[in-house]
Structure formats: C-alpha cells, structure tokens
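Asks: If you want the building blocks of each chain, they are given just below.
4 protein chains.
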Amino acid sequence: MAGNSFGKVFKITTFGESHGDGVGVVIDGCPPRISLSLEDFVRDMSRRRPGGRSFDTPRREEDGVQILSGVFEGLTTGTPITLFIQNRDADSRPYEILRRLFRPGHADYSYYKRYGHFDFRGGGRASARETAARVAAGVVAGKILEPLEAKVVAYTLELGGIKAASINLDLIDNSPVYCPDAIASEQMEEAILKAVKENDSLGGIVELRVTGCPAGLGEPVFDKLEADLAKAVMSVGAVKGVEIGAGFEAARLRGSQNNDPITPDGFASNRAGGILGGISNGDEIVMRAAVKPIPSIGIEQDTVDREGRPARLKLTGRHDVVAVPRIVPVLEAMIRIVLADHYLRLKAMG
Amino acid sequence: MAGNSFGKVFKITTFGESHGDGVGVVIDGCPPRISLSLEDFVRDMSRRRPGGRSFDTPRREEDGVQILSGVFEGLTTGTPITLFIQNRDADSRPYEILRRLFRPGHADYSYYKRYGHFDFRGGGRASARETAARVAAGVVAGKILEPLEAKVVAYTLELGGIKAASINLDLIDNSPVYCPDAIASEQMEEAILKAVKENDSLGGIVELRVTGCPAGLGEPVFDKLEADLAKAVMSVGAVKGVEIGAGFEAARLRGSQNNDPITPDGFASNRAGGILGGISNGDEIVMRAAVKPIPSIGIEQDTVDREGRPARLKLTGRHDVVAVPRIVPVLEAMIRIVLADHYLRLKAMG
Amino acid sequence: MAGNSFGKVFKITTFGESHGDGVGVVIDGCPPRISLSLEDFVRDMSRRRPGGRSFDTPRREEDGVQILSGVFEGLTTGTPITLFIQNRDADSRPYEILRRLFRPGHADYSYYKRYGHFDFRGGGRASARETAARVAAGVVAGKILEPLEAKVVAYTLELGGIKAASINLDLIDNSPVYCPDAIASEQMEEAILKAVKENDSLGGIVELRVTGCPAGLGEPVFDKLEADLAKAVMSVGAVKGVEIGAGFEAARLRGSQNNDPITPDGFASNRAGGILGGISNGDEIVMRAAVKPIPSIGIEQDTVDREGRPARLKLTGRHDVVAVPRIVPVLEAMIRIVLADHYLRLKAMG
Amino acid sequence: MAGNSFGKVFKITTFGESHGDGVGVVIDGCPPRISLSLEDFVRDMSRRRPGGRSFDTPRREEDGVQILSGVFEGLTTGTPITLFIQNRDADSRPYEILRRLFRPGHADYSYYKRYGHFDFRGGGRASARETAARVAAGVVAGKILEPLEAKVVAYTLELGGIKAASINLDLIDNSPVYCPDAIASEQMEEAILKAVKENDSLGGIVELRVTGCPAGLGEPVFDKLEADLAKAVMSVGAVKGVEIGAGFEAARLRGSQNNDPITPDGFASNRAGGILGGISNGDEIVMRAAVKPIPSIGIEQDTVDREGRPARLKLTGRHDVVAVPRIVPVLEAMIRIVLADHYLRLKAMG
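Residue numbers (the numbering used here), protein chains in the order written: chain U, 1 to 350; chain R, 1 to 350; chain H, 1 to 350; chain S, 1 to 350.
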C-alpha cells in the first residue's frame, strides 16, 4: 500500500536510499529450481552502472549484487530472494545545502510536503540509484521467462532532438548511448558533450520491443498488459509519457488504417503494438517512453527554501547529463518484470 | 490477481458483459457516512450513455444505476457498495458470426487465445460497456474527494486530426464532442458525419486536468501518482498512449527549459504536469490520452476464423464511429478513482 | 483493504446486508472453461438455508442463486463471476428498537463505534445472512478442486455439551444437526428444543476433514495453509476458536508422542492434522472450530442505548437457537475456498 | 502471493534462512517521523534470543539488528524500513544427514514435496530463526501503536502439562519461562530439565492480552480482527490452535451465559475477548495459543529418505526443548503487527 512493491505473483519490493547503506530488492514469487548465480547479474548491472562513458557521472559504483536469501546451492528455493547492492562511493557533502533548498525538477519539494522529513542526500529514496535494484530484479525475471524464449530489447530512438533514422539492433551494444543507428549515435554523443559544456542536460525517447512473446498474457480489465507495462515504465523516475504500437499517431488514423488485418500467417501490420484488449496477441510488443532531461543542472535556478523564501541554487554534485543510456537497461528490466508476473499469472489461471 | 480490481484502499471490482444481465461494480473501501443517492449518478452516466448525439450508436440504454448494497438511509456505511446497471437494449443477433470470425482491432482474437471460451456477443467482457461501471464508481470517488475541493475535467483536444485551438472549459458541456473550442467542435462533428458516411471511424486525444489537488498525493516508488494515473488511463480499452505535463515534448527540451522554477508563489511553469517524484506538488495535474479509432467499421476487412482459415468480415452491428466524446467521462472517472485511492492512502500513512 | 475480500488468486468479495436487496459475491480468479450451472448450487445452498428443521428460524428464504456475470453457455469464461441471492422474506419491523439499543453479544456496539452509521436491521452486514454468499462461492471453489479429488466434509462434533461418541460420515446427511453419531444427534435435537423452550441458545464444535488433499499446498511463512484455514474459519461470525490436528491437546504431549513417524506407506499417525511447516503433507487435514451460542435470546438482558444510558432488551425477532447445523456448509465452503486459492497459487509457482 | 508478506497497510515481508547470511524484514507502510534507533530493538530481541537460560539451545546469536534503509537522522521517512539480523554462530555440519532424511514433525517432508529443492540446513526457511525478523518488525509496530497506549503482553499459561494457577503480570519478567505464577514457573523449569535429560521435548499454552485497545479496530467481514489475529498466531511455526475470549469453552455455554451484558461502565464480563463482529469493542483482548512440543528430539525415530525408503533418525544438532518461552515475544510481536495494521487501516477509512 505504501507503494514500494510491484507485481502480483512475481512480486518485488525495493528498498534503500542513494546515500544510505545500499539499495536492494526482495522478490517474493520466484518459482523454485531456477539456476541463479552472481554471474547472471553482471551484464545488466554493468550496463546501468555509472562510469565508463565519457559523459557519465563521476560517481563510481561497483554495483556488485549480493544474494542474501532464497538461493541454495545455485538454485532458487521458492522462498524470498533478497538482492543487495551496497553504496560505496557516496559523497554526501555537496548535498548539505538540500537540507534547506528544493532542487527544481526534483522530488525534494513534494517529498517534503508528503513526508515532512526525508533523506535529501542525493535524492535519497527518489534517486535513480533505486533503479539498480530494479535491474537486479529484472535479471531474475529474465530467468523465469526463459521457457518463453521472449526477447526484450530497448534502445535510444531519440536523444537531445536527434532521431535514429534506421534501426539495426546489432549496433546497440556498440553505441555508448545504446542507439541502433551508428550515425545518429555519434551525433547524440556530440550533443551530450555540448550539453555538458553548457552545464545543461538532455532528454530522449527509448523504444522497447518484445519479440517471441506468446499470445495470451494479460489480465483484463484493469491489469491489461499495456496498462501494467505503462505503469511499469511510468514508475521510472524520468519518464513523462508512454505509448504502445501506433500510440499517439493512432489518434489521427482511421479505423480502416489502424486495424491490423488478420491473415493465416498472422497480423498483416502491427499498429496495435502486439496487444489487443489487454492481452498479448503473439505479435511483437512495441512501446516508446519519453524521458525528460536530467533536472540536475549546473545553471543557477530559482527556488525556495523550506520556509518558502526565495533562493537561487546552482548544483555542484556529481550527476549525469542525460538519463537515456543508463535508463535503457532499467526499462528492459521493468518490461521483463511485468512479463514474468503475467506469465506466472497465466499459469495460475490456465 | 485476475485483473478486475483497481485501487488499494478505494478498491473497485467491475463485473459483467455487454450482452449478459448487466455490468456492475463492487466498491470495497468507501468510508462511512458519505451521502449517496441515485441522483448523484445521473449527470456522469448520461454523459457516457449511448444515444442523444447525431452520430451515436443506435443502441439505447437507460443506464439507470441500482445500489444493491452499502448504503443505508442515504449514507454509506463503510461496507461494500455494489452498483448495478442492467442491460436492456442488447441485441445479440448480429454477433452470431463472431462465433467463428475474429474482428480486426478487437479483443476477439486474444481473448480466444487466452481463455479458449469467451462471450463474443458485442465484445462481451471487453466491450466498452464495462466502462459504465467505472463511471458509476467514479461518482462515488468524487464524493470522497469533496473535502479536497479538487476538480477533475477532461475534454477533447483533438479528433480526427482536428485540434482545439483554444481551451475554454465553459464550452465543453455545450459541445456534443466535449470540445473546449467552438469552431473546432463543429469541424469535429463534420468529420464524424463524414466518417459515418464512409463506414469508417476516427480517433482523438483527450486532455485531463485536475485543479485544486493538494501536494502530497502519491506513493513512490512504484505507485507514483503518474504511474497509477497512467495505468488507470491505459486500462481503458481504446487508449494507446498517455503523457503527463510536457510529456513526449519534454524529451526534446533541455533541463534548463524543462525544470519548473519554484517561487514563493508556487511553480513559475508547469512542465512537470503537477507531479514530482511520484507525488503531487500542488500545481494543476495535466495529462493527455491518445484514443485509437473505433475498430468496428462497415468496410470489409481481412481476418481468419477460429481454425485460422482466411475470411472477409464486414460488420453490421450497432457501434460508435469514435470513442472520444463518450470516453471523456470514463477517463474523468478513472482519474477520480486514482485520486480517491491515494487520498485515503495518504490518510493512513499521515 | 476494507476487509470484504478473501483469497489471492481465487479471490472473492462478498457484499450485501441482511435486510437490503440481497447478498452476493464477485469471484475474480476462476479459471475459464469450467462448467457451472444453477443446479450446482442447490445442495449447499439448501443445507445452509433457514427453514426445514424443527428448530429453525421462521424466516424462509428460497436462496436461489442468480449468476449475473462470468458464465457463458454453461462454462466459466475467466472473467468475474457474480452470484446474487435476493432477500425476500426480510421483515425489518422487529428491528426498529435497534436504532437505539445494542444487542449483547452482537456486532451492534462495535459497528456503531467503528462506523458511526450502520444498517442495524437484522444485523445488517454482520448478519449470518452474508454467509449465503460464501456458500455460493464455495460451490465454485469446489468445481476448481475437482481435478484434485479432495473431499471436504464437516460435521457437528459437539452441541450444547453433547459430544458425538463415534464418527460415521454416512450418517451426517440424515441428521438434522449434521452429527455423525445417531444417538448423539437425537440428544442434540432434544437439547435444542429445550433451549428453544427456555428462550436460550446453544453453541457447539464443528470438525472439518479434507481427504485426498495432495502434498504441496500452502505458502510459508505467513500464508501457511493452517494460517489461511484458521483465518477462513475465524472469519465466520460465531467462531471463537480453531485448532488443527492434535490442537490444544498437542500442548500437553511430548515431542516423542506428538511427532508423526514417517514410513514408506505414509505417516504412522496424524497429530499434525495433515500440514507440516505450513504445507499440506498428503495426509488428511483435520480441524475443529468452536462455535459460540447464538447471541439472540428471548431472555431480557442488560444493555445501553447509543447515548450510553442503561436499558433492558428482550429480543423478539426471528432467529436460530444454535448456529451449528447451518454453519457446517459455511465452514465447508470456506475450506474449499482456501484450498482452491492455494491450488491455483501452486500452479503459478510450480 | 508467495506468502512471505503480512499486513495490508503496515506490510512486512520477511526473508532469509537459518544457515544463510541472515534473516530480515522489509516494512513497507510505516508512517514518517517516528523515532527509531537500534536501542529500540534490544529488549524484544534479547527476550527471543537463544542463550542465557539453563535449558536453551547452545547456539549463541547476538541478534543485533541492522537498519539498512528507511530511517534518516533517527526518524522514519515513510520509505521501506529494512531490518537485517546476521547469522553468525550457524554450524551446518550436523545437518548434512538431512540432505537425505526427513525429520518427523518438521517441515522437511512437505518442503521437499512442494519445492523439490530446499535449504535443509537447520530448517532453512522453515526455521524458527525467521521469527527474529518478526520480532524486529514488531518493535516498529509497537512504535506506531504508541499514540493508542495499548499494551500487549503474553505469558506462559501452561507448559508440559503444568498450569499457572494465578496470573501476576509483574512476575513474568522474572520467570525464565515467562510464567506469571512463581510456583508454576519453578515446576515448569523442572519439567524442562527432566525433558532435556530424557532427550524429549515439551509444549505449552501462551495467553495474550491487549489492554487499552480502543473500540473500532477490525475490518469485517473477512479481515475481522479475530481472524487476522488468528492467522498471525497460526502463522508462527509451532502453533496448533488459537482461541479468543471464552474460546472452546464458549461452545459449551448458553447464550444467556456467554453474552457479555453492556452497562454504562462498559461490559460486565468479557467472554467475547474484546472483539464483537470482527471489531474491537474497547474491552481487553484475550487470546490463547497452543504450542506443540519441539519436534527435534534426541530419541531415535522412524522416517524415510527422499526415495521413500525406511530409515531411523536420531537428531544431534543444537535445539531447544520447548518453544514456549522464546515464542512469547514472537507472539507479542505478531499481535502488535496486526494492531498496527488495523490502526492504520482505520485511519484510512475514518
């Protein structure tokens, strides 16, 4: 009820703050006898981790995952799996000013109004650091999905106004911004470096695709697959919009254009984005998420203090300029978590 | 778990099919001692009801709400409130062909894959008729919100490619398409009549606003207010996209443009759309939903039968050409339901 | 959260009051393609129904079940099943005095303290009439359990201090008090008739057995099978105690006496009552529930009015003298509901 | 859904195994601005901790609680509170035989049937060690209840057949078996030492009392206060029965004896045990729990191996002879957790 859990059968509860002991997740609802080892976490955790890219926040975190419970002799036991990621390189000193002032575009103001008392260091609970726990949970979700052979992939479709003109999934891993178009990727990098120089930040659009998802996942009427996916994606801090299939463009089409004809070989088009009436139809699931620019900027801004008095604030802490490349594995994780949940729900309901 | 409930404290469970006895909702989580009478339902139910507009489906439903439980001598008792809306003018004969064929763009195909057996008459459970129960529940949610003095209003921002150029909330009720721009409203009506003539259908965009919502609603990290709102909106059948505040446009802004400066008099702009870090910030909540064109069209389409054999289908049943005007009170109801839920959650958590 | 739902996968929500339109239940979580017809409800509803026994409340209810949703052409569809039982023979006049006075042993006092406003007619929401909805839901649960071939049977072990000396399950249906011992059954009947004459009421103990329940049902650590069964049984109005296997007697045994030895042919004894560590072990599940005497008696009692002033109250409405025979099918239903829920949960978690 | 969470608003999820890294709990639903420090945990954790009593298991655990999240500068923040208790003195060697053999009376057999693979060392997830996390959560629950001034106290009413003849709550803390009768306490100690000598074990009965609980807690019809309390108590490993107020004795009383008369000064008796119709009535809440003898005994027993072949098993690991004294703070914790949950639920529902 307090909002830190997600999923109904594959249920995760994240905990932890940016500058506390660490962040973690308890997974209650992972079936037994699934192999799980520390190795399984390396790829996704390292893709989300700060550091390594020219434009990354200088904060370095190993982000090694500890398995505190639920795995015995290399296999899950059906009991809660607790994953913990320690905070090591947290430097709280630059945040002392946040004891008084609210950062525009951040959660400080609303957390203060809501809770009266909050851990303001580096965003505390509202920090993107919490998403490390989501990525770790997404790894376990991926393990559950293995029998389905569904493949979840996300990439940067747009960044700082630059759009990928072509989509070659093989290029994603070579691009520091996870862009499937090599030329756009370079332009995006340049745009980022320019923004860094100007102490400003950028936003972008991430596209998500699930191939190989069988028909039948989703629980109408409220837990429609697209509704749960939308919530999952919108629950990631910087996301301001989400669309599926033709999305906002569908609003301008006619029924005769937007309906996907059905043929003996499947759907002749995919404006539905792989979901009909809240249930996957066997086609590729396609979604897009709008990611706002990082609110932490080195430009002085208007704000107020806790007593409502005007103030000027120029941030000096370590922070990213753009959420997009690092948010990609987070969104992939959330999609996997939703699919794993609905896959187990389908098993219950037959 | 089977997906027909929504909300955690103010919890609704809808039931019923388009051509069964009726549709209804059980509300478990309405506080006691709130006045509630049949009169309260009239306005919203009649705005959602088919009939009355030149372009409406010919199906006529009184949509009178029966209160089956939970209200005693005009006041809620804190026990489950059951609201039931009988189906009267359901004519199932035109749907007999759906025993064999799937309608493109509808839930028939995925329901068949998911359940093996489903009520195909008029869309059965997947019919927009289910939203009558949501509107009824939204009325009760509105009653709970009264102490907050928050005002929820939705309107047609775009329809069939025609966009409202100005927004005058006073015009909405005079417009048969709930459009806040009188000139655009007329053009939209014409577009609808043209689509009717061509046996085709249209989509549109609905904008939603909540004024007077206090700061402090929302439960991070997963039940962020925008995440629950996104799910609520995406759970309505025809919605294919949702955005909050600057939404997809935010992806193209810089941090210095997108951040809303904070002043002693409040936020100097509202690109956040009234929510920061998952919690309302006291500013106006602004969202948009993309609504796809009605998939039921009178133009012959390609499809398959239950055995996967190719077929041609031309629909003759009664149906709307555009979901937008009738979806407006439904989306308002969903917003109220989310707000009532988070308002009660806030009371628990203090 | 407001307490009217039970179960996690097989989830029921009951609604309705004793003297309102009726009582009902929405079942969200019944798998599709299960045959269900009105015939299925007849036996259990009629066993719970008032009337027919010499000592029954004079209130007569047909208790015919209406299926309002979720069943199409004789099969469940996986969508919410709504069952409704109309109130017909409700006579509210004798209850007018309860607008002022609280009945000792009833929920009136605490409902007034909790809600401030409540439907006091015949106990309103707190009436045993609500259990008609549970029995209806239990019929659906029984359908889900059919593949397991588990058999749930309950009977009166003790009534008004008279204890069954032998247990012959074949005798239960012939006994008006559902007692498996013919001699005790007659004595129990006499005790009831004597209590009627004395305007007093009686309690008893019901024993519950599940044979054929496979090993593996139950979700430690909180949703242990015995914990969910205990909650299910204690949630029935008149129950004041519950025990499993050796129960309270186990507290006086030594480990060497209480442990059930395991042999290649199964457990050599069953003091565990068929559950170990919260999970069924394949042995018979055995429980007992203590049922208090009906608080409605024709003897004048001390009470207070809503302002706390002393008063004397002598009840004249129609009521049973003993809950036990009619509670038997209710408890059976609750056991089936718990088992169906855990069976579906097991399917999800594999 | 997988059973490791309890509570709806004050929601706890425990994790961890007896011989893994440790046990812990995430509390999602603790209001903000409540003072919480490591000191708060000392008393209850030390009462539950093994060691210190003449008859305790030789396993020594400091059971120091670590606060991993949710507390900032000495106050809760409304975000998830994670409490972790490391395992230090775990010696897994004596348990190697459990890789093959099931211990009678333990969860080994049913866990194997349910999960196929489980951590058998010291009972793994089914170990009483998991209750250390419950006690830690109970401390936080107690903090939430402070405004209510409700006092929860439990004590040993019976142990090894010896019953407390008088109840003097002041004596509990001086008794190594938490018995409120000094003479019975000595006899119980003797009985324990005798059982130790005989390699056998004992059971007992714990009585629980809540004084100062206001009227109005509880959510009918399924989340009746007594139903949630019964589940809470039955979810503790060794408990085989639970009763409230007059309990099983009520089954033998007449309505005229069992009803508690209401007077201007409150209830004239308390056979209800402080709850009517699922809602606290302001009187003292009184419950009893039957605790079975510890199944680990040093006497050779019949069992089978994983392939079902007969075997003989004599346990040599470190274990208690009786659960009762150490279970007392665990049951107190569970009662506090239920009350905190219902207190917050009441705040939501008004």
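In short, the hints are calculated from the structure, not lab data. Be careful, since some hints might not be right.
The calculated lysine-lysine pairs, modelled on DSSO-like cross-linking and capped at a C-alpha distance of 27 Å, are [stated by the list, open to error]: (1) H:K194 <-> H:K163; (2) R:K143 <-> U:K113; (3) S:K163 <-> U:K113.
Asks: List in ascending order the numbers of the hints, as given earlier, that are violated by the structure.
Replies: Hint 3 contradicted; others consistent.
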